[in-house]
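Asks: One line per chain: the protein sequences are A and B, in this order.
Numbering (numbering that gives the first Met the number 0) for the first sequence: 0 to 256.
Numbering (numbering that gives the first Met the number 0) for the second sequence: 0 to 292.
Where hints are given, some of them may not hold.
[To be verified] Computed list of lysine-lysine pairs in BS3-like fashion (alpha-carbon distance at most 25 Å, straight line): (1) K79(A) <-> K47(A); (2) K91(A) <-> K79(A); (3) K91(A) <-> K89(B); (4) K219(B) <-> K3(B); (5) K116(A) <-> K78(A); (6) K173(B) <-> K219(B); (7) K219(B) <-> K41(A); (8) K219(B) <-> K78(A); (9) K145(A) <-> K116(A); (10) K47(A) <-> K219(B); (11) K173(B) <-> K89(B); (12) K173(B) <-> K198(B).
No lab work stands behind these hints: they were computed from the structure.
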Amino acid sequence: MSYKVPSLAEVQSAFTAAIVSGDEAAVERFLPLINESPRGPKAFNRFKVYADAWYIRLEESLREDYPQLHEALGPKRWKKLISAYIRRCPSKSFTLAHAGDQLPEFLEAHLDSYSAKLWLPDLAKLERALYRLNSTCDPVPWSPEKLMLASDHGASDVRLQFQPGVQLLETNWNVEACLEKDAEPERVSARGLLVFRDAQDNLLPTAERLDEDEFRLLKMIENGVTLVELVDAFDDDQWLPNLIQRASEGVVRVTTK
Amino acid sequence: MTDKRPIRNRLFPDLGMGLGLRACHHEHVVNNPVRVNWFEAITENYMLDDDRAFDVLLKIRERFPIALHGVSLSIASSDPLDRDYLSRLKRLIEAAEPVLVSDHCSWSFFDGRNLHDLLPVPFTEEAAAHVANRVQEVQDFLGRRILLENVSSYLTYQFSEMSEWEFLSLIAQKADCGLLLDVNNVYVNSVNHGFDPVKFLDGLPLWRVGQVHLAGHREKINPDGSRILVDTHDQPVCDAVWELYSELVKRTGPISTMVEWDAEIPSFDRLEIEIAPAERIRNRVKESELNVL
Numbered sequence: 000m001s002y003k004v005p006s007l008a009e010v011q012s013a014f015t016a017a018i019v020s021g022d023e024a025a026v027e028r029f030l031p032l033i034n035e036s037p038r039g040p041k042a043f044n045r046f047k048v049y050a051d052a053w054y055i056r057l058e059e060s061l062r063e064d065y066p067q068l069h070e071a072l073g074p075k076r077w078k079k080l081i082s083a084y085i086r087r088c089p090s091k092s093f094t095l096a097h098a099g100d101q102l103p104e105f106l107e108a109h110l111d112s113y114s115a116k117l118w119l120p121d122l123a124k125l126e127r128a129l130y131r132l133n134s135t136c137d138p139v140p141w142s143p144e145k146l147m148l149a150s151d152h153g154a155s156d157v158r159l160q161f162q163p164g165v166q167l168l169e170t171n172w173n174v175e176a177c178l179e180k181d182a183e184p185e186r187v188s189a190r191g192l193l194v195f196r197d198a199q200d201n202l203l204p205t206a207e208r209l210d211e212d213e214f215r216l217l218k219m220i221e222n223g224v225t226l227v228e229l230v231d232a233f234d235d236d237q238w239l240p241n242l243i244q245r246a247s248e249g250v251v252r253v254t255t256k
Numbered sequence: 000m001t002d003k004r005p006i007r008n009r010l011f012p013d014l015g016m017g018l019g020l021r022a023c024h025h026e027h028v029v030n031n032p033v034r035v036n037w038f039e040a041i042t043e044n045y046m047l048d049d050d051r052a053f054d055v056l057l058k059i060r061e062r063f064p065i066a067l068h069g070v071s072l073s074i075a076s077s078d079p080l081d082r083d084y085l086s087r088l089k090r091l092i093e094a095a096e097p098v099l100v101s102d103h104c105s106w107s108f109f110d111g112r113n114l115h116d117l118l119p120v121p122f123t124e125e126a127a128a129h130v131a132n133r134v135q136e137v138q139d140f141l142g143r144r145i146l147l148e149n150v151s152s153y154l155t156y157q158f159s160e161m162s163e164w165e166f167l168s169l170i171a172q173k174a175d176c177g178l179l180l181d182v183n184n185v186y187v188n189s190v191n192h193g194f195d196p197v198k199f200l201d202g203l204p205l206w207r208v209g210q211v212h213l214a215g216h217r218e219k220i221n222p223d224g225s226r227i228l229v230d231t232h233d234q235p236v237c238d239a240v241w242e243l244y245s246e247l248v249k250r251t252g253p254i255s256t257m258v259e260w261d262a263e264i265p266s267f268d269r270l271e272i273e274i275a276p277a278e279r280i281r282n283r284v285k286e287s288e289l290n291v292l
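Please construct the entire structure, taking both the sequences and the accompanying hints into account.
Replies: Right, dumping it as structure tokens:
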């Protein structure tokens, strides 16, 4: 009987399918490619080291990124969620740091399968914002003098942006309460939640609830607004003290053309 | 054609004793005197935009030589090389000026999916040519020679045409690259696949070896009672691996050596103790006594 040697791509395709699908047929298709000696481990046991490592590595990384979500779901539902997520949202990044990037939206789309707690996707979004924030370089506070200096370039040339890692979330659940264990979030009227490291408070990671005016201001800054556009958008100058405060906290920075 | 040359012609400098740089030790290394000569940084941990770790790496680079060690080049994948990854790597190299740049002789990506593992390659002529071509492409892009590391493996393929050391030698010669020899991986594979680990060493063009890894492993007992050694990086280096390292250094002389510890990471002081036997072994060997390798 002739034996066709598989190409590199065929081997990798079969190996990947066997690991990822968890499907018995896919594993059976891969096992004949593996050497098996009479006294050594069976082909399946050799393969299983890789299959187990794939799940364990991703699950551990995601648990590290989403500790409160893990806590809120409990081990069984967490395992069910992660098993589905890593198969349906494959990691395409060179780093495990991005493996959980789609988890909040995946949970949001399939929440019925995992929990009746409607606030869980928003908690996941907050945790994602925090793990991104914690790996980002330190924010640089902008003093009022520095802001003034930058604005000398002319209001239409001055653009306001968030500093790296700063994120503005929209949620009517006060999920920030979950960061303290055993707290259940409640519905709140203010929807804006700003996540940043406070340059005026030892770079402490902070999740701060915003009133509607400041949410509107920061939403415009998140999208890269110019000073001229800000002046046009608001009826009075109440936004200016807010802007100065946020710049000094390391939330906002200024770029010029 | 033989690829053996006198060890004095070797491709890379001896940096002495090093350790893997891990985030939990960043502060200690930045703020304290340490008893190692160099650090190896995991490339991908410093490649992200606006990442805090990158600033720390540059601080450490001011005091120590750095080796960059990647886990996601996926050089043996049948997927195309990732141009974005290579551009990021090149920018990192330009900023951090590492003495050594390495990755693994394995694959992690297939069809765009990263399995986040160092998966084994069939030891075939086809695969060797594929890997060697890609190493050349990477080296041309980066403008420097890289080192390829032998990986630990738990399976081999029915249709392999050569031994692992022949496979690595073939790639290194074709691509004119360096080798990073993980002595623990040699030992783990020798147990898992039943070969003599010293034969592995003797089968390599050791003049191309620019760096050595040491690490710990664990034994996994299968339901049928058979055992597999798993490269866990969460244990001290075992005696058998120290013996094999000694055999290597007898052949190569002092060579850049480091201990990897990636899970249940102990204190930095404990790691400094862990690397100490390597220094004693290195000191026993004089380069003048070395043979042609």
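Asks: Indicate, hint by hint, whether the structure satisfies it.
Replies: Comparing the hints with the structure gives:
For a cut-off of 25 Å, the pair hint linking K79(A) to K47(A) stands: about 20 Å separates their Cα positions. Note on K91(A) and K79(A): the hinted pairing holds, with a Cα-Cα distance of about 21 Å set against a maximum of 25 Å. A distance of roughly 20 Å separates the Cα atoms of K91(A) and K89(B); the hinted pair therefore holds under the 25 Å criterion. With a C-alpha separation of about 37 Å, the suggested pair K219(B) and K3(B) falls outside the 25 Å cut-off, and the hint is violated.
A hinted pair counts as satisfied when its Cα atoms are at most 25 Å apart, and K116(A) with K78(A) qualifies at roughly 17 Å. Proximity of K173(B) to K219(B) is assessed by CA-CA distance (about 36 Å); at most 25 Å being required, the pair is judged violated. The hinted pair formed by K219(B) and K41(A) meets the criterion: a straight-line CA distance of about 13 Å does not exceed 25 Å. A threshold of 25 Å between alpha carbons decides the hint, and for K219(B) with K78(A) the separation of about 23 Å falls inside it, so the pair holds.
Taken as a hint, the K145(A) and K116(A) pair is broken in the structure, with Cα atoms around 45 Å apart against an allowance of 25 Å. Taken as a hint, the K47(A) and K219(B) pair is honoured in the structure, with Cα atoms around 11 Å apart against an allowance of 25 Å. A distance of roughly 23 Å separates the Cα atoms of K173(B) and K89(B); the hinted pair therefore holds under the 25 Å criterion. A threshold of 25 Å between alpha carbons decides the hint, and for K173(B) with K198(B) the separation of about 22 Å falls inside it, so the pair holds.
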